[in-house]
Structures are given as structure tokens and as C-alpha cells.
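Trainee: Turn these sequences into a full structure, and let the hints steer you where they fit.
Following the numbering used here, the residues of the sequence shown are numbered contiguously, the last one being 240.
Take the hints with a grain of salt, since some may be wrong.
Unchecked claim - Only pairs whose alpha carbons sit at most 25 Å apart, straight line, appear in this in silico SDA-like list of lysine to any residue:
| no. | residue 1 | residue 2 |
| --- | --- | --- |
| 1 | 75 | 89 |
| 2 | 233 | 60 |
| 3 | 233 | 137 |
| 4 | 75 | 152 |
As the list claims (entries may be wrong) - Cβ-Cβ distance ranges computed for the label pairs, FRET-style:
| no. | residue 1 | residue 2 | range |
| --- | --- | --- | --- |
| 5 | 122 | 93 | 33 to 43 Å |
| 6 | 127 | 233 | 27 to 37 Å |
| 7 | 226 | 63 | 15 to 25 Å |
No lab work stands behind these hints: they were computed from the structure.
Predicted model only: the values in this text are computed from it and were never measured.
Note that CB positions come from ideal geometry on N, CA and C, so glycine has one too.
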Amino acid sequence: MGARTIPLLVVRNPRARRYLLRVRNDGTARVTIPRGGSQSEARSFIERNRAWLEKQLLQVHSRPRLAQTWQAGTEILFRGEPLRIEPYENGIRFGSETLSVAHPDADLRPAVERHLRGLAARELPGRVRELAALHQFAVLRVSVRNQRARWGSCSRHGAISLNWRLVQFPAFVRDYIILHELAHLRHLNHSDRFWQEVERLCPGYREAEKWLKTNRPLLR
Numbered sequence: 021m022g023a024r025t026i027p028l029l030v031v032r033n034p035r036a037r038r039y040l041l042r043v044r045n046d047g048t049a050r051v052t053i054p055r056g057g058s059q060s061e062a063r064s065f066i067e068r069n070r071a072w073l074e075k076q077l078l079q080v081h082s083r084p085r086l087a088q089t090w091q092a093g094t095e096i097l098f099r100g101e102p103l104r105i106e107p108y109e110n111g112i113r114f115g116s117e118t119l120s121v122a123h124p125d126a127d128l129r130p131a132v133e134r135h136l137r138g139l140a141a142r143e144l145p146g147r148v149r150e151l152a153a154l155h156q157f158a159v160l161r162v163s164v165r166n167q168r169a170r171w172g173s174c175s176r177h178g179a180i181s182l183n184w185r186l187v188q189f190p191a192f193v194r195d196y197i198i199l200h201e202l203a204h205l206r207h208l209n210h211s212d213r214f215w216q217e218v219e220r221l222c223p224g225y226r227e228a229e230k231w232l233k234t235n236r237p238l239l240r
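Mentor: As C-alpha cells, then:
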């Protein structure tokens, strides 16, 4: 990689059909090795894509970052809108949401995230079932979790898990993630047939993917 040292995460995925390379928000590179692949070929693949990798790293380092600690005045994303956390009576507010906090001058992130997770636990399962009924999917159960590396997942048995941060998304992006996972009930892979199903369910999914790519650093 020339003079730059780039942390590399190597992952094997027997369902992958080809080598895949992506740059994560923390500046590490992740290469996926398909079934039958090797680490030596993975490194050759990285070298062949070195110019693209360097360009992606520059973009990652130039993106705005979400503050690690949140104070009054910190801007966060909520339902797709950038909102400031403001003092309010005996607590704080952002947009239409208000909550009490014991120490308004301390780091507000834990309290705000607990509030957002509570909203997600109340709202997301119902939305999944609405969309599942609309498109005739059978969902076994829905859980809301704190995944660090994905927005959602779907098991072959019909269990869907969603990241609580979906409450920070615009409605059209939230629904895309849900429909993406529902599509896995018919195609438990990322084949061409899967993406055809996604496009049928969510014709505007490319705009949702674009929003995710642009705003991902502000959702961590």
C-alpha cells in the first residue's frame, strides 16, 4: 500500500461470489474472500484496486464525524433531520422529543441513545409487520438490537433483526432497510434475483443507498 499503512480485516464468506473490498468508517479496509478463495489472491485483489482504495480512504478521512460526547448544542440526526440537543425545563429536547436527565452538563449521549432505542423498540416491529402484510411476507418475529456493523438481518426462519438507529433515518430509508430484509425471506443472498425483488418492493432503493453512503459517518 505504499507509504500508507492500512489496517486490513479479512473475512471469508462462502456465499460470496467474488472478492469484495470496502473501506469502513474507522479507516480500515475489509476484504471478503469467496468460497474457494485464498488470502494470497485477496491481497493481489487489493493491490489491483489500490488506487480506488486510496481514494476511498481520503473520502473517509474528509467526512464529518459525529461527536463522541454529546452536550447541549450537539447536532444529531433524528428521522433524517439534523437537530440540536437543547436544554428544556428539567431536561433536554431535540425536535419534538423531550427527556429528563439527572446531570444536564454531563455527556448526554447515553441518555439520548436510551431514548432513541426505546422509540425504536416501540415503532420498528409494527412497521415491519405493516410492510410484511402489504407485500404478503410471513415474519416469525422482529427484534431491535444494537448492531455495530449492519442495519438489519434476516434468518431463513423468518426472524428479522433491525438496528435501533433506523429511527434516525428518513422514513423512506428506514422502509428500504425493512424491505431489504423482507426480500431475504425469498432470496437469502445478494443475487441478481434478490436485487430484482428489492427493486420491485422499493423502486427508489438506490436513493436510499445513496443517503446511507452519505450519512453513515453521522450515525455512529
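Trainee: Next step is simple, just say for each hint if it's right about the structure.
Mentor: Consistency of the hints with the structure:
{"no.": "1", "hint": "75 <-> 89", "result": "29 Å, violated"}
{"no.": "2", "hint": "233 <-> 60", "result": "29 Å, violated"}
{"no.": "3", "hint": "233 <-> 137", "result": "22 Å, holds"}
{"no.": "4", "hint": "75 <-> 152", "result": "39 Å, violated"}
{"no.": "5", "hint": "122 <-> 93: 33 to 43 Å", "result": "19 Å, violated"}
{"no.": "6", "hint": "127 <-> 233: 27 to 37 Å", "result": "29 Å, holds"}
{"no.": "7", "hint": "226 <-> 63: 15 to 25 Å", "result": "32 Å, violated"}
In the structure shown, a violation is registered for the earlier hints numbered 1, 2, 4, 5, 7, in ascending order.
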